[in-house]
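Top to bottom, those sequences are chains R and H.
When you line the first sequence up against my numbering, it's residues 1 to 304, in that order.
When you line the second sequence up against my numbering, it's residues 1 to 326, in that order.
It should be emphasised that the hints constitute simulated quantities derived from the structure, not laboratory data.
Heads up, a few of these hints could be off.
Claimed, not checked - Which chain H residues stay away from chain R? Per the calculated CB distances, all over 10 angstroms, these:
#1 E83
#2 I144
#3 D167
As the list claims (entries may be wrong) - These stretches of chain R come out as covered by chain H in the derived footprint (C-beta under 8 angstroms, 3 or more residues):
#4 59-72
#5 97-104
#6 110-121
#7 282-289
Just so it is clear, the structure is predicted and the values come from calculations on it, not from any experiment.
Backbone N, C-alpha and C define an ideal beta-carbon position, used for all residues, glycine too.
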Amino acid sequence: MTATLLIEQVLNGLQFGTMLFLMAAGLTLVFGVMGLINLAHGSLYMVGAFAAATAAAATGNFLLALAAALAAAAAAGALVEIVVLRRLYSRDHLDQVLATFALILVFSEGTRWLFGSFPLYLDVPKALSGTVHLGTLSYPLYRLAIIIVGIAVALGLYLLINRTRLGVQIRAGEADREMIAALGIDIARLYTIVFALGAALAGLAGALIGPIQSVQVGMGEPVLIMAFVVVVIGGIGSIKGALVGAILVGITDTLGRFLLPIALASVMDQASATTIGSALASMLIYILMAVILVWRPTGLMGAA
Amino acid sequence: MSRETILNLVVLAALFLVALAASLSGQPYLVTLATKATILGLAGIGLNLALGYGGLVSFGHAAFFGIGGYAAGILASAAQNYEPLMTWPVELPGTTSMPIIWLTAVIAAGLVALPIGALSLRTGGVHFIMITLAFAQMVYYFAISWPAYGGEDGLSIYVRNTLGTLDTMSPWTFFLISYALLLLVLGLVLMATRSRFGLALAMARQNPLRLTSMGVRPFNVRLTAFVLSAMAVGLAGALYADLNRFVSPTMLSWHLSGELIVFVILGGVGRPCGPLIGAALYVLLESELGRLTEYWQLPLGIILLLVVLFARGGVIGLVTGRRSHA
Numbered sequence: 001m002t003a004t005l006l007i008e009q010v011l012n013g014l015q016f017g018t019m020l021f022l023m024a025a026g027l028t029l030v031f032g033v034m035g036l037i038n039l040a041h042g043s044l045y046m047v048g049a050f051a052a053a054t055a056a057a058a059t060g061n062f063l064l065a066l067a068a069a070l071a072a073a074a075a076a077g078a079l080v081e082i083v084v085l086r087r088l089y090s091r092d093h094l095d096q097v098l099a100t101f102a103l104i105l106v107f108s109e110g111t112r113w114l115f116g117s118f119p120l121y122l123d124v125p126k127a128l129s130g131t132v133h134l135g136t137l138s139y140p141l142y143r144l145a146i147i148i149v150g151i152a153v154a155l156g157l158y159l160l161i162n163r164t165r166l167g168v169q170i171r172a173g174e175a176d177r178e179m180i181a182a183l184g185i186d187i188a189r190l191y192t193i194v195f196a197l198g199a200a201l202a203g204l205a206g207a208l209i210g211p212i213q214s215v216q217v218g219m220g221e222p223v224l225i226m227a228f229v230v231v232v233i234g235g236i237g238s239i240k241g242a243l244v245g246a247i248l249v250g251i252t253d254t255l256g257r258f259l260l261p262i263a264l265a266s267v268m269d270q271a272s273a274t275t276i277g278s279a280l281a282s283m284l285i286y287i288l289m290a291v292i293l294v295w296r297p298t299g300l301m302g303a304a
Numbered sequence: 001m002s003r004e005t006i007l008n009l010v011v012l013a014a015l016f017l018v019a020l021a022a023s024l025s026g027q028p029y030l031v032t033l034a035t036k037a038t039i040l041g042l043a044g045i046g047l048n049l050a051l052g053y054g055g056l057v058s059f060g061h062a063a064f065f066g067i068g069g070y071a072a073g074i075l076a077s078a079a080q081n082y083e084p085l086m087t088w089p090v091e092l093p094g095t096t097s098m099p100i101i102w103l104t105a106v107i108a109a110g111l112v113a114l115p116i117g118a119l120s121l122r123t124g125g126v127h128f129i130m131i132t133l134a135f136a137q138m139v140y141y142f143a144i145s146w147p148a149y150g151g152e153d154g155l156s157i158y159v160r161n162t163l164g165t166l167d168t169m170s171p172w173t174f175f176l177i178s179y180a181l182l183l184l185v186l187g188l189v190l191m192a193t194r195s196r197f198g199l200a201l202a203m204a205r206q207n208p209l210r211l212t213s214m215g216v217r218p219f220n221v222r223l224t225a226f227v228l229s230a231m232a233v234g235l236a237g238a239l240y241a242d243l244n245r246f247v248s249p250t251m252l253s254w255h256l257s258g259e260l261i262v263f264v265i266l267g268g269v270g271r272p273c274g275p276l277i278g279a280a281l282y283v284l285l286e287s288e289l290g291r292l293t294e295y296w297q298l299p300l301g302i303i304l305l306l307v308v309l310f311a312r313g314g315v316i317g318l319v320t321g322r323r324s325h326a
């Protein structure tokens with residue numbers, strides 16, 4: 001194992017972490033403001049990826065594909081919020097779980113019906129298809145670009161929430177929804193905007209991951225569960241927590257898969273080290289979550 | 001008798017009669033379908049103990065269902081291949097005896113549920129949902145990446161396990177076994193909810209502070225309910241593995257946790273027979289919609305949405321005209 005390889009894995013972890021952040025930010029925002037647990041967030045990720053793949057196939061332009069992903073996911077999010085979810089804000093979590101579980105069935109089966117069961121492919125855009133050389137390390141430019149987009153989105157969200165009028169309304173909505181309704185803010189419209197914003201972030205994540213993985217039905221589900229782990233670790237409702245949690249989970253998962261088999265190989269034979277190492281690595285983030293939970297039950301940045 | 005009790009008896013009798021009629025008229029497929037509804041209903045009744053009576057929305061009960069399934073699969077495949085289950089510290093052979101398998105499944109599910117419950121119950125509400133889901137995923141990924149028991153491919157049980165001299169391969173006999181266990185667990189759950197423990201559990205859901213002031217720690221009551229519920233689900237898992245003669249990580253998937261919740265809500269949360277009605281309806285919808293279209297989950301999703309939005313209290317709530325549960 002060389003330092004170069006380790007740096008490459010850390011960068012991969014960062015890239016995975018920024019993807020998770022895009023997903024977790026929307027989840028935690030929707031939960032913080034509306035108190036809604038949205039299992040169908042992964043479906044919006046899938047919608048973004050399919051929209052991007054379709055737009056890229058039609059136009060050949062990656063930027064247009066990204067725009068299509070954002071628009072499609074935001075529109076799907078707004079539609080779902082207006083038709084179904086706004087009736088559930090006052091219900092208990094059990095009803096929300098069932099309704100959003102039903103939405104997953106509708107989205108997944110609807111997508112399969114429209115696009116078929118075969119995966120679609122999205123190419124890395126030409127301008128980003130090369131590699132960057134950092135010392136002895138050559139790293140795919142596209143993955144680096146994802147990290148940069150993730151950081152930019154985190155910054156943008158920070159500015160949006162702390163510096164704009166909409167951000168004030170969102171924060172006020174988290175604190176006291178009756179009060180801001182009494183101040184003359186259309187709370188229903190605010191909720192739709194917040195939901196569409198979270199959906200757009202999920203759609204962006206789906207579109208960005210498209211060229212790395214294949215675009216297929218059900219692609220959102222593993223990511224959704226990882227994003228839940230991120231949100232629990234970071235503290236529900238906290239965007240800063242989502243960022244910290246996402247990077248932590250991304251790096252832990254990636255480095256665990258890389259380092260555990262190597263570490264175990266020094267105490268046992270190679271074959272069983274690979275087996276046990278990969279089994280342990282796939283459980284690592286859940287173990288991390290359990291440890292953090294014992295230490296701080298409300299997550300790293302959660303309100304006590 | 002209340003309308004709900006009458007409905008419960010009607011459902012139990014109907015399930016039995018459907019299976020009997022199907023068996024007499026030579027439709028084994030229908031008997032198997034009724035058995036599936038029975039076993040899934042049994043799992044739902046187990047989940048309902050935590051979810052309905054205890055208000056603990058666990059999104060991870062597939063873990064216990066799968067553990068029960070794997071208990072059956074591992075014991076049976078060891079016995080069928082004449083390999084010992086383990087050689088250290090004592091040599092243990094596998095077995096195809098159903099009672100031993102059920103007992104192992106129940107104990108294994110309970111043992112895994114204990115730490116998961118103890119950790120998850122440190123939190124509540126939406127945290128609890130996400131954490132139980134995450135722990136179930138942990139078990140799922142372990143089953144996938146651990147090669148000893150088939151990994152992603154799962155394990156086949158070549159011949160259904162044995163119970164005395166009964167012919168368990170006959171669909172009707174296996175239905176009767178599952179049905180008897182369903183009645184047994186239903187009776188135990190009813191007894192538990194009417195005991196001191198059941199009252200404490202209801203109070204832990206409605207007013208934990210009051211329970212504390214009565215000198216009972218809500219945590220202990222909830223943990224007991226969680227573990228008992230996992231044990232019942234584990235038993236259902238072992239039966240389900242025997243029904244399909246196959247175990248795979250699908251039994252552990254989060255989709256299954258969602259389906260278990262669907263059974264409970266579809267029938268009526270916190271109602272003794274609610275999950276059975278929910279499971280029977282779900283199995284029926286699955287097979288009927290599946291006959292109409294390849295994309296049967298689309299109408300199923302829409303039906304579920306309509307139930308959540310407009311039929312609060314589930315089927316039992318619709319029939320009895322009452323929303324509130326237990």
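We went through each hint and held it up to the structure:
Residue-level check passed: E83 of chain H sits 19 angstroms from the nearest beta carbon of chain R, beyond 10 angstroms. The beta carbon of I144 of chain H is not kept farther than 10 angstroms from every beta carbon of chain R, the shortest such distance being approximately 7 angstroms. Against chain R, the non-interface label of D167 of chain H holds: every CB pair exceeds 10 angstroms, the least being about 38 angstroms. For the segment 59-72 of chain R, the stated coverage by chain H is not satisfied: 0 residues place a CB nearer than 8 angstroms to a CB of that chain, which falls below the threshold of 3.
For the segment 97-104 of chain R, the stated coverage by chain H holds: 7 residues have a C-beta nearer than 8 angstroms to a C-beta of that chain, and at least 3 were required. With a threshold of 8 angstroms between beta carbons, the proposed coverage of the segment 110-121 of chain R by chain H holds, since 3 of its residues qualify and at least three are required. Given as covered by chain H, the segment 282-289 of chain R passes the check, having 5 residues with a CB less than 8 angstroms from a CB of that chain where 3 are the minimum.
In this structure, the earlier hints numbered 2, 4 are contradicted, and the remaining ones agree with it.
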